[in-house]
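Chemist: Given next are the chains, with one letter for each unit.
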Amino acid sequence: MNMKTLHGFALAGVAVVLLACAPLLISDYWTGVLLGMTGYVTLATAWALFSGPTRYISLATVAFFGVGAYTVAVLNEVMPYPLVLLCAAGIGMIMALMVGLSTLRLAGVYFVIFTFGLAELVRQTVSWWEVNVTYTMGRYIFLPFEGRHIYWQLLALAVVTFLISWAIGRSRFGLALKALGDDETVAAHAGVDVTRIKLLLFVISSTIITLVGAIQAPRWTYIEPSIVFNPTVSFMTLIMALLGGAMRLWGPLVGAVPLFLLFEWLSVSFPDHFSIILGLLFILIVFVMPNGVLAKIDDLRKGGRT
Amino acid sequence: MSKPLEIMNLHKRFGGLVAVKDVSFKLQPGEVVGLLGPNGSGKTTVLNMISGALPCDGGTVRIGGTDITMMKPHKVAKHGVARTFQLVRPLPTLSVAENVQLSLAFGKKRHWGREARALAEEKLAFVGLEGRGDERVGNLTYIDQKRMEMARALASEPDLLLLDEWLAGLNPSELRIGIDLVQNLQGQGMTVLLVEHIMEAVRALCSRCIVMSAGEKIAEGPSAEVLQEPAVIKAYLGDDHA
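Sequence order for the protein chains is A and B.
Note that the UniProt record's numbering has the first sequence beginning at 1, numbered continuously upward.
Note that the UniProt record's numbering has the second sequence beginning at 1, numbered continuously upward.
Just chain A, with the same shape it has in the complex:
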């Protein structure tokens, strides 16, 4: 490991410690903001883990997120909390395996459409099940957690996600992912087991996303399908990753922090126009910075030199 990486790690370590101490110093409201932000940073980073290099744009984020939340809602009175989280991760993993095996052969827009459809399918299935089989429409989650407890769990998950993303980025699998994003045929003929690598990354990414939903679930106290399967979650995750740059380790973070604060402010100040503004932002980002802010800054720097 060289000096630069060591410095990076030291800096990141200090930042994590400061962030972990923050809830002891700030008000509950700001802890809540920090919590939501950490959730989205983790979602965007996990999303970019798979969709960044492979360019398989997934809109299934909320399908996994919601399944995680629902697992906690169903199981929280049946078994101890750590076991509930383990179950959520397991269910997310199995679902990702099934979805991955059946869809990763689809390319481009077909994959996008499928993942969007999947999120709706899961939501409708859960709603139908709750209405017709269990005769409930919503569920209560009573876990003795305050905002900061949830925040600490999310922070830990975020750190793990960054470590995974960093490790993959410098391994030969990172190179293979970038290669298959460019041209799957060439990657395959170079010896890359394209299907297996895509599946593996999709499963890792989806499992993390499921866990974000599971950890955040106690925050709501009361959940129902329309809350935890809200497609806006998928779109926000996507746009955050794109704004920062989905091909870079820090890209999703750079995108998620300002956008989360902006959305937070917009939803309070302009609750009726929120969707319109979200849509406009989406278009703007895709047109002006298709590769993200970090790539744009790199370009400008290079442009300045020559």
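Hints listed in this document are in silico derivations from the structure and should not be mistaken for laboratory results.
Computed from a predicted structure; not experimentally measured.
Treat each hint with caution, since some may be false.
[Claimed, not checked] With a Cα cut of at most 16 Å, we get these calculated EDC-like pairs of lysine to aspartate or glutamate:
no., chain 1, residue 1, chain 2, residue 2
1, B, Lys72, A, Glu146
2, B, Lys75, A, Asp193
3, B, Lys78, A, Asp193
4, B, Lys75, A, Glu184
For chain A, the structure is supplied; the task is to place chain B on it using the hints.
Modeler: What follows is chain B alone, placed relative to chain A:
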């Protein structure tokens, strides 16, 4: 190091069209052989079946005694078959060196880290791209992209190299460079199967040729003789010239 290639009764149909019909041939280790034929005669289809890009409907492909007939492309690559593409296909997100390192990392052996970087430079130097590993692929000229693709193919340490019209689209001086490069490979004992339309290159490189027409093998033998055969001239130029 090279291994023989043995193809027996290879067969491929696309719907009602028989694209490749009962094609058999062998390549001895270290041989450079041309696979010729007019457009649509099934040459690239044969290449695709050898490299695993297309499943075949019948027949066998063996490399050094190992049956690789129905293997997926990445498995075929690990058994020592590398290829280039009819239209050059660089990976634009990766640097020139990374393009080569991909094959080093996933080819026959797993080379990674500093060692792989050094090996990539070695391969790049062999094809004439010394010290250009950090450049973006998009900044390379056409011939340099072709060179990079060759280096990428060689980096998986193949026993057999499939070149699909690798020399097409080059100007006369570039063609000379390309031919020299393949001759260098030949000097190292590489087995090469060459799909090619440029007769100058075929004469310079191939001791032997296989000619296909309408999915069938119509001739095989020493290049100079095969190119004189009436059936071959007829396939390329039509009845009047035979």
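Chemist: Each of the hints needs a verdict: does it hold here or not?
Modeler: Status of the hints after comparison with the structure:
1. Taken as a hint, the Lys72/B and Glu146/A pair is broken in the structure, with Cα atoms around 52 Å apart against an allowance of 16 Å.
2. Annotation: proposed proximity of Lys75/B to Asp193/A holds, straight-line Cα distance about 8 Å (limit 16 Å).
3. This hinted pair checks out: Lys78/B and Asp193/A have alpha carbons roughly 10 Å apart, not beyond 16 Å.
4. This hinted pair checks out: Lys75/B and Glu184/A have alpha carbons roughly 15 Å apart, not beyond 16 Å.
Checked against the numbered hints listed earlier, the structure breaks hint 1 alone; every other hint is satisfied.
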